[in-house]
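Chains as they are written, first to last, in our numbering: chain A, 2 to 442; chain B, 135 to 414; chain C, 6 to 198; chain D, 3 to 304.
Think of the hints as simulated: they come from the structure by calculation, not from any bench. Just so you know, nobody snuck in bad clues.
Derived DSSO-like pairs: lysine-lysine, alpha-carbon spacing no greater than 30 Å straight-line:
| no. | chain 1 | residue 1 | chain 2 | residue 2 |
| --- | --- | --- | --- | --- |
| 1 | B | Lys315 | A | Lys435 |
| 2 | B | Lys315 | B | Lys242 |
| 3 | C | Lys99 | B | Lys158 |
| 4 | B | Lys242 | B | Lys388 |
None of the values given here were measured: they were computed from a predicted structure.
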Amino acid sequence: MSLKTFAGGIHPPDNKEWSAHKAIEDCPLPAEFIVPLAQHIGAPSVACVEVGQQVAKGEEIGSAKGFVSVPVHAPTSGEVVAVENRPHPWGTLLPAVVIKPDGEDRWSTELQPADPSELSADEMIEKVRLAGVVGMGGAAFPAHVKMSPPPEKKINTLIFNGVECEPYLTADHRMMLEEPERILQGAALLQYVLGAEQVVIGIEANKPDAIALFEKHCAGTPVEVMPLQVKYPQGAEKQLIAAVTGKEVPSGGLPMDIGVAVQNVSTAAAITDAVLYGRPLIERICTVTGPAIREPKNLRIRIGTPLSHLVEVCGGLVEEPGKIILGGPMMGFTQLGFDVPTTRGTSGLLLLRAEDVVSQPESPCIRCARCVQACPINLLPTTVAAYARRDLLAEATEYCAMDCIECGSCSYVCPSTIPLVQAIRYGKAAILAKKRSSQVS
Amino acid sequence: MLAAILSLGCIGLIAAVALGFAAKKFAVEVDPRELAALEVLPGANCGACGFPGCGGYAKALVAGSIDLNQCPPGGADTVAKLANILGVEASAAAREIAVVLCQGDNRKAQVKYHYLGLEDCTAAQRIADGPKVCPGGCVGLGSCLRACPFDAIEMTADGLAVISREKCTGCRKCVAVCPRKVIRMTPYESVVHVLCNSHDKGALVRKYCQVGCIGCNICKKTIPDAYKIENFLAEVVYEQDAEAAEAISKCPTKCILDFSVAYPDGSAQLPAVTDKPHAA
Amino acid sequence: MAELLVILVSAIFVNNFVLARFLGICPFLGVSKKVETALGMGMAVTFVMTVATVVTWFVQYFVLIPFGIEYLQTIAFILVIASLVQLVEMVVQKVSPILYQSLGIFLPLITTNCAVLGLAVLSIQKDYTFLESVVFAIGAALGFTLALVLFAGLRERLELCAVPQSFRGTAIALVTAGLLSLAFMGFAGLVKG
Amino acid sequence: MSQQLYLSSSPHIHSGETTTKVMRAVIYSLLPACGVAVYFFGPSALSVLLIATLGCLATEVVCQRLMGQPVTIADGSAAITGILLALNLPPTSPWWLTLFGAVVAIAIGKQVYGGLGSNPFNPALVARVVLLISFPVQMTTWSAPALVGSGLDLVTTATPLGEWKNAVMLTGEMPTGLEGGLPSYFLGTMPGSIGEVSALALLLGAAYLFYRRILTWHIPTAFVGTVILLSGLFWLINPAKYPSPVFHMVTGGLILGAFFMATDMVTTPVSTRGMLLFGVGCWLCFISAGHAPMCFVAVPTL
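Chain A with its partners taken away, still in its complex shape:
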C-alpha cells in the first residue's frame, strides 16, 4: 500500500525509540515557576498580578493585548515572588511572572465546567481564547484566531496533526495513545465551531499503535484516520495539507484560502479542557530526551517549569551537554542554560552531547541540487541563501524567500554544511525590515 505524502522532504533517523515506549508521567512541582508573558506568536501579554500576591491554579496572571494574543495563567497555587525579566527560550531576557508554589495546587474557584450543547460557537471560541490555547506543535499561534476565519472563507476540511515528524519527539505520540478521548472530543468541538464537513487525523506510519487505536475509536464517527508515509517535514501545516488533500496552499496564502484548517492533536486536547472544564492551558506533554540525559521520559509538565527541574526528574545528566535544544532537532531553539522555563510551545527538551553537535566548517556550494530536491516547497534554497547572504534582497524575494517555512531540510542534506536555513531566515528578516521601513516613510 502506498501511503500519501508530499513532494520533497527528507528522512532523518527518527530516534524516537529513546522515549516512544515510556508512558506519560506527571512531573512533580518545581521549587519555582517562571511563567514568561510572551509565549505565543503575536503581542505578548501584560502582567496583571503584583509581587506578594497569592494566586490560585489557573488564575489569570497576564492579560492579552490585542486580537492575536492570549492571556497567561498561574500553573499552580502560590505566591508571586517576582515580576521581572528572566532568561527566555528565545535567547534574551523577557518579562516573566515568578511563582513560588504553596504545595496545595488549589484550582481557582472561578473556573466552571460547561455543557457544550448549551454553548454557541462564539462562546466556545471565547472560552478557548480565555484559556490561552495556542498551537502546540511549536509555532504557538493563538488557536482562537484559527477558529474564527472571516465568514467568506468556508472551512471544508479540518485536519488534525498527529504526524510528529520531528526526530526524537514522542509527546504527541504518547498523548494519542493514552488520551484519545480528549483529542476526539476536541476534534468534535472544532468541527462544530468551524462547520467542517471532512475531518481527518493524519498520523505517520511509524506510529502503528496510534493508528490502530484511533481507527478503533473513530469507527462509526465522521473522523477519518489517515496513515501517512514517514517523511520530514510532514507535520508542517502546508505539507500536511498537501499530503492529506493533495491541494497546495498558494504562495503567501493561508490554509483557510483553500478551505482547510489544521490543528495539532495536543491543541485539540487543550480545547477540550478549555471548553468542557473551563481549564486554561497550564500544562502539556513534553519529551525529555537525547543522548546526554540519563532517563528519557515523556512528562506532563506545567508551563513555566525550569529546564533544570526536568533534567532532575529525568535522572540527571550522563555528561555535560553540548547543546540544549527546546523542541525537536530540526526546528528547535538552542538554549544558553537550564534556567530557562518551558512554554506552551515546548514539545520537547533535547540534550545532545558535544560529540553529537554538527560542527563541520562550511565549504563552497557544489550545486549538487540536494537542497532543491529536499525542499518541500520547491524553492532553490542554495540560490535564495546566496542572494540573502549578499543582501541582494530583491533577488531573494524574486526567488520566493518569503515562502520558506524554515524546516531545515536543505541544511540537513547539504554536503557542504552551508547554513542555508539560517541565511534564508536572515534574508527574510531583512526583507521584512525593509518592507516595514518603507511603509513608515
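Take the given structure of chain A and dock chains B, C and D to it, following the hints.
Just chains B, C and D now, kept in the frame of chain A:
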C-alpha cells in the same frame, strides 16, 4: 570625384534635414539636471554602474534611485560635481571616518557560548543576542568587513574589527550593517577614542570584559572638557578633544586609545597609504 | 528556402557576431551585467541591425554602385546608419515613451557600433540578395542577443561566486567571454560554409 | 556550566554527507571505465590517466598556494577533473598535451573563478575544447583498442561515428557492417577516447551514482532522450543513410557525455525544469561537436 562629393553630400543633407526636422517635431522635455549630469559623466558608456550607459545612469541619478558613487571611472571628482548638480549635500564638510568603539576581542571579552553557523553578525545576534556576554561590543564575525567597499576593515586574529584611518572614506556602509551600532563616525582629526560601547554598570562590565569602560569618571576629572559620561560610559567630546590624550594613562581599564600611536589589535599605527598605488 | 535557413543558422551559431567574428564587443561587455538589460539591448540591436541592413542595401545598390563610388562605402554607411538610428530614437522617444524606456536608451550606444556596420558591409561583400541580407541581419542579431543573454546569465552567476580579488570584474568577464567563444567554435561543424 | 555550550540556528542534526564523500563516490564510479580503458589500451592509457590526474592536483596546489588560500586537493574535485579530462583524450595523447590540458582545466577552468563551486564551465571540458582547437591533429587521432600483452601496437583508426560521417560525405550511404560491431563496442572495443571505450563500464559507474543519489535522472534522460528521439526520426526516414539510435547510444561518447560530463554538479542548473532544459540543450552541442559534447555552456539562470 564630383559624383562622389555630390552623392555623399546629398546623403548627408537628407540625413541632416531629416534629423533636424525630427529634433523639432519630436522634441521631448528632458530634465536639465539630467543633461548636466550626463555632461559631467565620463561618457565611456562602460556600464560599470549597472546601467546600459552614462545616459541611463544620469537618469537614475536624477530620479534619485541610485547612489552617486556608482561611477568608478569618474572617480571622486565626478561624485563632487554630480553632488553639485543634484543639489545633494556636498561633501565639503570635514572628513569623517568610522571607528569601532570596542576592544573586546575573544580573549579580552567573555564569550557565553560557541556560535556555529552563518558568518554574519546580524545572524549571530539573533541567537541569544550574540556569542559575547557584553550587549554592546563588537560581535566579531566580520559583517562590516564584507560590507566595506574600500577594503578598509580588518578582523584581528581574536575576532575584533579594526578600521584603517587612511583607507576609510566615510561611506557609512559598516555603520549601517553593524547590529550592535558599535561603529561610530568620528572626525578624522580626532585620534583619541574611548573604545567601549557598553552602558552596563562598572561592576558588571568588569565581569565580562577586561577593557570595558566602567564609568569611573577619572578621565573626565583629568580633562573635564574632553570627556563626558553618560549611563556609565565615557565618550570623547570630539569638538574639544585637543588634550584628550592626557587621560589615557589614567584610565584603569585602558579603554582609551590614541590611534596615532597604536591600533586596538596592538599593532603600531599603520603607515599612511602613500606608498601604495591608490585606485583613482 | 534551405539557403535562407543555412544563412540564418550560420549567422546565429557558426559565425556568431560576438563570439566568432568578435564584432560588437563593447556592448557585449558593457551591457551584460543583468539578463534583463541584456535582453533589452539584444532587442535594440536586432531592430537596428535589420533596419540598417535594409537601408544600406538600398544605398549600396541604388546610390553607390550607379555612381561608381563603392570606395566610399564605409563613410556612406556610417553616415546613413548613424543618422537613421538617431532619427528612430527621436521618433520612439516622442511616440512611445514606454518603448523608449525599454529599448530607446540602448539606441545611442549602438549608433556606430562595429557590429552594425560590419553586418552591412558583410552582406554586401557576400553578394546577398535583398531577402538574404534581411535574413542574415536577423540571424546575426539573434546570435548577438543569444551571446549577450548567455553571457549576462553567466555574469549574474559569477556575482555569487568567490572570484579572487584580482580577477573580479572585467578580468573574469573577459576570461569567460574567451571560453564562451571557444565553446561557440564547436559549432563550426554544424553548417558547412 | 563548566564547559561552554554550542548555540546555533536550527537544524541541529545533519545527514553526514560531505562534499568529500560525494567527490569520492564520483571517483569510484569512474574507476570501472578507467580499468577497462587500461585493459584495452594498455600503459599509454594508464599514463594519460596518471598525468592528467596528477597534473590537475599539482596545478590546484600551485594555484591555491599562489593565492594564499588553504589547499583543498583532499576534497577530490581536482582528481575528478583530471580523470574526466583523461577520459576525454585519445589514449595516444603525448604527455605534454595531457599536462597542458590539466593545467588549463584547473588554472583557467576553475581557480580563476575562485575554485570549487564557482566555475561556470566544466573544467575538464574547458581543457578539452582548448586542446581540440590548439592541437586538432593529436586530439583526433584515435586508435583501436588492443588487449594488453597481445603484443600489438595501437593502430590508428577512425571512430565508428567518424567512419559513418566520412562515408556519408563520400557516397551518401551508410557503410555496410558498421552496426555489426555494436555488441562488442558496448562491452569495450570501441575505438575512441579513453573514456568511450566501454559503454558498459560507464553505465556501471553511473548506476552506482544513481544508487548514491548523486546523479538524478533529469539531465541524462533529457539528453539521451532527445538524441534517441531525433536520431530515431532520421533513421525511420532513411535507414540507409542514418544509423539507428542504438548506434548513437553505444558509440560517440554519448554515455560519457550524458552521465558524466553533462552532469558535472557545479556547472549544471539546480532546478528540475532547468535540468531538463539543460539536457535537451546538450543535444544541440552534441550533434554539432560530433562526439563527446562540449555542452559546458550552463544555463545559469534557471
